[in-house]
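Novice: The lines below spell out each chain.
There are 8 protein chains.
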Amino acid sequence: MENFEDLGFSKVDYAREERQGFPEVIYGEGKAVEHIEPIMGKLIERHGKVMVTRVAKEKAEILLERFPEAVYDSTSRILLYGKPVLNFGGEVMVLAAGTSDLFVAEEAAITAEWMGCKVSRLYDVGVAGIDRLLAYRDDITKASVLIVVAGMEGALASVVGGLVQRPVIAVPTSVGYGTHFEGITPLLAMMSSCASGMSVVNIDNGFGAAYQAAMIMKLVSEGVHHETSVS
Amino acid sequence: MENFEDLGFSKVDYAREERQGFPEVIYGEGKAVEHIEPIMGKLIERHGKVMVTRVAKEKAEILLERFPEAVYDSTSRILLYGKPVLNFGGEVMVLAAGTSDLFVAEEAAITAEWMGCKVSRLYDVGVAGIDRLLAYRDDITKASVLIVVAGMEGALASVVGGLVQRPVIAVPTSVGYGTHFEGITPLLAMMSSCASGMSVVNIDNGFGAAYQAAMIMKLVSEGVHHETSVS
Amino acid sequence: MENFEDLGFSKVDYAREERQGFPEVIYGEGKAVEHIEPIMGKLIERHGKVMVTRVAKEKAEILLERFPEAVYDSTSRILLYGKPVLNFGGEVMVLAAGTSDLFVAEEAAITAEWMGCKVSRLYDVGVAGIDRLLAYRDDITKASVLIVVAGMEGALASVVGGLVQRPVIAVPTSVGYGTHFEGITPLLAMMSSCASGMSVVNIDNGFGAAYQAAMIMKLVSEGVHHETSVS
Amino acid sequence: MENFEDLGFSKVDYAREERQGFPEVIYGEGKAVEHIEPIMGKLIERHGKVMVTRVAKEKAEILLERFPEAVYDSTSRILLYGKPVLNFGGEVMVLAAGTSDLFVAEEAAITAEWMGCKVSRLYDVGVAGIDRLLAYRDDITKASVLIVVAGMEGALASVVGGLVQRPVIAVPTSVGYGTHFEGITPLLAMMSSCASGMSVVNIDNGFGAAYQAAMIMKLVSEGVHHETSVS
Amino acid sequence: MENFEDLGFSKVDYAREERQGFPEVIYGEGKAVEHIEPIMGKLIERHGKVMVTRVAKEKAEILLERFPEAVYDSTSRILLYGKPVLNFGGEVMVLAAGTSDLFVAEEAAITAEWMGCKVSRLYDVGVAGIDRLLAYRDDITKASVLIVVAGMEGALASVVGGLVQRPVIAVPTSVGYGTHFEGITPLLAMMSSCASGMSVVNIDNGFGAAYQAAMIMKLVSEGVHHETSVS
Amino acid sequence: MENFEDLGFSKVDYAREERQGFPEVIYGEGKAVEHIEPIMGKLIERHGKVMVTRVAKEKAEILLERFPEAVYDSTSRILLYGKPVLNFGGEVMVLAAGTSDLFVAEEAAITAEWMGCKVSRLYDVGVAGIDRLLAYRDDITKASVLIVVAGMEGALASVVGGLVQRPVIAVPTSVGYGTHFEGITPLLAMMSSCASGMSVVNIDNGFGAAYQAAMIMKLVSEGVHHETSVS
Amino acid sequence: MENFEDLGFSKVDYAREERQGFPEVIYGEGKAVEHIEPIMGKLIERHGKVMVTRVAKEKAEILLERFPEAVYDSTSRILLYGKPVLNFGGEVMVLAAGTSDLFVAEEAAITAEWMGCKVSRLYDVGVAGIDRLLAYRDDITKASVLIVVAGMEGALASVVGGLVQRPVIAVPTSVGYGTHFEGITPLLAMMSSCASGMSVVNIDNGFGAAYQAAMIMKLVSEGVHHETSVS
Amino acid sequence: MENFEDLGFSKVDYAREERQGFPEVIYGEGKAVEHIEPIMGKLIERHGKVMVTRVAKEKAEILLERFPEAVYDSTSRILLYGKPVLNFGGEVMVLAAGTSDLFVAEEAAITAEWMGCKVSRLYDVGVAGIDRLLAYRDDITKASVLIVVAGMEGALASVVGGLVQRPVIAVPTSVGYGTHFEGITPLLAMMSSCASGMSVVNIDNGFGAAYQAAMIMKLVSEGVHHETSVS
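Residue numbers (full-length UniProt numbering), protein chains in the order written: chain A, 1 to 231; chain B, 1 to 231; chain C, 1 to 231; chain D, 1 to 231; chain E, 1 to 231; chain F, 1 to 231; chain G, 1 to 231; chain H, 1 to 231.
Keep in mind that the hints were calculated from the coordinates and are not lab data. Hints are supplied without guarantee of correctness; some may be wrong.
To be verified - Below, in silico cross-link-like pairs of lysine-lysine (DSBU-like), each with a Cα-Cα straight-line distance of 35 Å or less:
id, chain 1, residue 1, chain 2, residue 2
1, D, Lys42, D, Lys83
2, B, Lys49, C, Lys218
3, H, Lys83, A, Lys142
Said to hold, decoys possible - Which residues of chain C face chain E? A few of them, derived with a C-beta cut under 8 Å, are:
id, residue
4, Thr99
5, Ser100
6, Leu102
7, Tyr123
8, Asp124
9, Gly129
10, Asp131
11, Arg132
12, Val175
13, Gly178
14, Thr179
Positions of the beta carbon are idealized from the N, C-alpha and C atoms, including for glycine.
Using the sequences and the hints given, assemble the complete structure.
Specialist: Quick look at the structure:
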């Protein structure tokens, strides 16, 4: 049973990289510092580096004392131990509709970089002033994969989705009020989008969008050689 | 009690025009032909004309036998007795995102014309192909009031709302599937729009949007002369 | 690229006035003081004045130190730099159903004034004591545009909507409890209103209602001269 | 075990009158004719009369063949065997906002009459034309109990609730579209009403409202003589 | 305009007693002490007494300094100035399913007493131990009006509703977790109850239930003498 | 790959009995007759018998032609090929609140019998007439497992749950209207029940409840001998 | 009236053990220390031991002063006075999908032990790394009853449900974010599970699941001897 | 204006292929045959082929008369004019949980083939019998992109998502009942999945999933050469 290690409260998944392409990342929300620390320790031991997402500032400060080489980004609330290495060609573009959406956009951008992607950022280009977006139309069409982060009504995703021939991953954010329902409205809107070829991840899930983007870039980088035996 | 007439099942509102600016319109949905016919009769007697909305084809056929001068539009399902008269300057523009939204767009357009407005129509300009919309940017900015009809995620309203300095009234439609929830999603999205100065009416309520647009054109036409005594 | 200025976290929209009729307003909710301050600076530089909405008291105090000429209204939580100028004839009336709805009513009233409108206020006229409302019936019918602010079940909007021939913009508020769902219930009720010619904005969105009211008054003031080429 | 009779698929409740004040009424919806008929038979045997609610026309026709003395009302879809007897003084007033709400209003009115009440009807007095309602203000304030039936946004209940010192029972109806959600919106609105002393029953539940109204009239008729031993 | 007094932020409703049978009660939630105090002052001036509901402890302490004769009940959060007078015969019974529901049950009980009713209390009789409820069956059937306060699934209301021939007013409470949705579940359950003659008020609305109960007792006390002219 | 057989559109699960204790049952809803027939054939071949649930009458008639030995029950819509065998001691009691709930109650009862249980039925014992239920209190407390089937507000489950020391499985039904939401309300109510030791299955899922009841009776019948190595 | 004792705010249920198989357990949430303490006292007097669930740390500390022999578990927030006794053979297995679900899993495990069961724990075996779960397949199939605790999408329950022939009780947890809706999503998913023979309890309701598991083990232990007289 | 052609009711988008990588596809749902036919004609003229999705059988029969070379697939309801050409290496695998999900799975599979992908199908591998899925583990890990189609609780997506290092696109289906809410439950579950790197499309949207899969395969095929100028 060498694929995982049982810490009692947790079974650390060493087989993750082989199985899923990237080493395990720790989801920090709702985990106590006493739980995060040993898992970090085990993963650093095994992989030499680790990323922890959704780390509140107070927890980060304690963990930084224990792992002084680590770095904490207060916008995305990501804690990194070790440096990202650029593994893949092409470019993941992260677009954000408004200034208030940056905490999600940065979670996506830093995650994609951590997983080996080159990342470009295009922020505050919401559709209420569409000329700001169209000013970057050339850059947008050149990106390999696009992550569109938007709160409010999330219309940016539809407009971008109609401009490109590359996969668009939409991330609704919890930024809004009233009928926005903490992100439900842009999520539903992105799901119902009139633009083809767009898929959606959970509210504020910049990490998940970046994870899929990195999987795509990995596939591009490795190419396609295998075939299944299923008809 | 001369302001309304009591038919037992209905109290016909003769004071509507003085009070609300336009004669009573009959909402046909859920009313039996036996109810619609006498109310039509009373209103024609009083005003010389009448509009009935949401009339199913089968009902329309019966009513057309009784009122052969009436005209029925099968897209909007509106029955008109009498002709609209152009009363107001300026132009109400009705935009529709997709071909399937026309039944609502036409309800809005015909209602606005009935109430005295000049109407221009711009259909199938959904944001997934934004160049189709932008090709008409000049016309859009010239309209006095804009009614934006959209199903799916309703993003057209936000984009139009960001392009003009005139009032935009958004109408979500029941066209879509799955997470679209028969119009709830575009309604919520329009409510949460990042564009300023936009208001929203009920799902498929082309009539209501046109009614408000006509009230605005009437106000423009009549100008502002009164002042209240409230501070 | 002179239409906007890129501050990194934000692209300040200088073309807003030409495109949308009024200079950009800063939505303060969820923006850090470090973000609001430079945008305020840029907009004051360009327009000589600026309005910031939804500014919490603590943030306002810091910003007032930096911009001592600014004024903060604690009911509406609006921060103003510069004085409003009366640009349009006619009158926007703001009605509020209850004392607890004033924070939204004042957001609407101050915004409309800021944008150039004359504003009258009629507060605490909820329908449970309908005589209070009817005592002002003459004033209500004289207003050019009416903004109806109501929490609870929002019935005031329907009653007012049935009394006037001018556009009514309804604003549901988050004031209520239980089945009120923080404003969803009056929003749905206003959407389903039996009164014609009423449109609705997001919960507590006094700003949006006033923005549309001001657009209408601007249209009245400028009149209608252009025509589109669309049929 | 004489209080009920076991028909296998049903246990006919003979003790209902003693326990709840009125004999059992058959709720016809979702019951097959083969189930309704024997229960009707048993109840007629015991009480000499019976009321069946929510009987579809096709079922009614079959039952009328079996019980030729019965009478069917197609608006309320109620089947009556036997005649109502006026047992209580005072008056239950049934108000309906619109013509389309009559199927519920009549269910309430006929039920209240069946249970011994005098009933007055005031129909098509929705708040969008409030003068129609206010024309009957004297009558409204004289009623002993008021049942307010309304679809759309249900605002009539709040207005009536604010005019009287008698109990108001509000009945939301499924009449409306879009954000009306088949009656959920007026139900929530009535629940959140700013008028005091109003209670609400299920959507389209004219029967339930009338049942409570009759219980109140019965209490008035019998007076109050007992006291509990609970402190 | 002697029926109300305009304090600017509020129009104090002096006609309430004549119109609705009882003097205005102040709903304290969401009102600042600076708003409550002058309204209290005006109402004491007029009526010699006043009740304020939903007063947080901190606010109550300030108000008690200003009105030292007032009394504050910390369970129901009601502030009373003046003493209730027993006006009506018969008995309003308040039942509560669990210990945690007492804050609502006491709001109902104290309100009913304030409005002139005799009140009996039967607490902690939830249906999971039905023998506790049935032990009081005699008392329950003797009450004139029953207010059933229940959180969780609210089943107590259905069981009580099936035991009596008097009006039952059900009050769902916000006591529960998970699928209880802060009171929505018992509210929906009470609405869908299989027991006839029950009506429902908003979540935690002990005040509203007691208000209707008092209206019923007032009607019983005054009897029925008037008749409307409506057919 | 002998554990299942691949029919292309379906992989028939022969290992189900060993793995889950009972042979595969066919869920007929949404399956075409052309799909059901070959799967039935394969399972009869393997096990000598088969049960198909949720078979519409029209489909059943076609299948009965193909499998003339099969029997169809029109209340539960179950098609049986082969006879049930009584395998387990004790008794599963199925309770139903109302006559309209029988289609679910019978699905549960027939399934439990098919799986080897002795079943007793107690129907039409809803809590609005609690004496009907309490008349059977002795029988209820003797049952080994209780399946409580209820629509409307589902209160029967809570009352039964408080009377017994045996596992209660609650099945909400789609029988009701308005706020009942086709079964959501009793489901939520059962989930929030104040009675301990009750679990819930999906709306109308009589099959699932019976499946779990049979698993419990099987466990009782086989006793407990194994122990895991997990601490 | 010896079956319960009336403390005014509470009726302590001494008949619970005879009626429901286990002595009353105190649900600590929302109860004040002043309420919990006397009920604990009464139950200790009667049964010599007591369990209190959902006790916040601050309350626990006060209660521990009063009952120094009691023990508090901070993960499950359970307070125990007295020791559990192993009464039943077989084994209840508690599985948890993630580390963050432990607070619910431990509530279930400790409750089951308290009620007399042997409990095995299998934690952090969520389906995203299915090999961790399958590594314990033998142990899983040997358990008598399985309690599956899972947040996020709750898929663990379906997978486990398909592996065993013993009853599975699923417990959704409030661990997740965005579309997880504080546990609604895994609850709905578990309800809609494709695995047969699984039932579900309320969100985070580890206690309820354990209660039913213990009832099952009690039934196994006592065997089945009685039969009802109902057909 | 050569990029689209205005048919009045529709603006045919000829620029789609250049802008989005693939020619326009006609969404047949809600479009009349009279609308579909001319658009088909225009697109065949331009591209020599066309795909129409969601075509009801009756419409398909009429269109097949007009376009006899077209082919209609009744499972997916897709109408094809022209043959797909294999353009990309690698393999898109479509997995379906149950037999009833095939209508969506085939929409995905045929669309992906139409757009140039090699497709493998793995059907009826729902997690309730996980051995059926694991029997194909090798094939699953070799696929380039995986589309997982599942109704009920949608757990298949999470399990597959945890087995592979390639992008997984999850498609919830409307197959289920009760708490399944016509696909909302698997959609929410997939959104909340514990597996990383998965994204989700609208309910039953096999087309959208295939579109994104094809975009990924196109990107793999073309490689990454461009870079944006955005930092």
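Novice: Look at each hint and say if it fits the structure.
Specialist: Evaluated hints:
no., hint, in the structure
1, D:Lys42 with D:Lys83, "holds (18 Å)"
2, B:Lys49 with C:Lys218, "holds (33 Å)"
3, H:Lys83 with A:Lys142, "holds (30 Å)"
4, Thr99, "holds (5 Å)"
5, Ser100, "holds (4 Å)"
6, Leu102, "holds (6 Å)"
7, Tyr123, "holds (7 Å)"
8, Asp124, "holds (4 Å)"
9, Gly129, "holds (5 Å)"
10, Asp131, "holds (6 Å)"
11, Arg132, "holds (5 Å)"
12, Val175, "holds (6 Å)"
13, Gly178, "holds (3 Å)"
14, Thr179, "holds (5 Å)"
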